[in-house]
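Visitor: Could you slot chain B with the ligands onto chain A? The hints should help.
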Amino acid sequence: METDHINQLPIFAGLAQETRLDLARRSYIRALPAGHTLLLEGMPAESAYVLISGEARAFRMNREGRVQILARFKPGDPINIISLLNSDKRNRATIEALSPVTVLVIRSADFDALIARYPDFSNILLHHLADRLAKITDLAAGLSLFAVRARLARFLIELADLSPSSSGWTQDEIAAHIGTVRDVVGRLLRDFEAGGLIQRQRGQIILLDREKLIQAARE
Amino acid sequence: MSERTLPSINLSLCTRCNLCVSQCPELALIMANDGPTFVDLITCSYCGVCEELCPTGAIRAPSSVNWSVS
Ligand code: SF4
Ligand code: SF4
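First to last, the protein sequences are chains A and B.
Numbered per the working numbering, the first sequence finishes at 314, counting up by one with no gaps.
Numbered per the working numbering, the second sequence finishes at 79, counting up by one with no gaps.
Just chain A, with the same shape it has in the complex (with noise of 0.2 Å):
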């Protein structure tokens, strides 16, 4: 049994010889194409998913219709963990594809059998759920504690400080992140460019001050 793909992915790094095997037994690899969706939020969760390339975000729509982003994923990313190991088994967000992807695709019987079967594979998810919990606390305690201009301080220093991503943001990805709106998100653009913090090229959003940004994040 051919274990590459599973080999190649960081997050199953500290896995046992015998879990990989069995791993890539019980899983498939998926190439969609970009704006497929995933899986739709509150529907039966039927597969917990890694992503090996491409990028993926998940984000909730309210009644009007407002989309809040809940993550990004990169490569090495596993998606739909948590609504698996969820009681009511439903996913808690939608999922899409923002490029082109490929997914490792584990069902949910199979994925409960790893489970029960290989504590290795419990441990990775566990560490997983962790840096989940982490994230999601701080996007709570942003929303909450932070005036919008903060928030997209903050916002736009962890995409700067994150590896370079294939895809850009629009002005509604960044708003739907950080809980506002398009235009806000405009006119604080230009708020940072007038005040020397950034510069916007062509395609490119320029960090020029970390100082300046790290005290608009804490206002």
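In case anyone wonders, no lab produced these hints; they're calculated from the structure.
Just so you know, even glycine gets a beta-carbon here, dropped at the ideal spot from N, CA and C.
Computed far set for chain A versus chain B, every beta-carbon distance over 12 Å:
hint, residue
1, ALA140
2, ILE177
3, PRO195
4, SER217
5, HIS223
6, LEU228
7, GLN310
Stretch-level coverage of chain B by chain A, calculated; a stretch enters the list once three of its residues show a Cβ under 8 Å from a Cβ in chain A:
hint, segment
8, 52-62
9, 65-73
Guide: Using the frame of chain A, we list chain B with the ligands on its own:
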């Protein structure tokens, strides 16, 4: 991103309200029969104003976010 990157306009979402055309600081857009169109490949400065103002979200001008290298 290349010098010629332009915002993308999804004409199926466009209501022909003309806001992007009238507010573009570079006069980079004209209203054609089927919706707003760029006058050429170089006038648009990719400032994002049209994306910000479009009431239907028909315009996308994505940007990557990076630290200045200098
Ligand atoms: S602002 Fe939007 S809806 Fe109005 S004309 Fe321009 S693209 Fe169409
Ligand atoms: S990005 Fe700016 S310059 Fe280009 S069309 Fe839109 S408003 Fe005009």
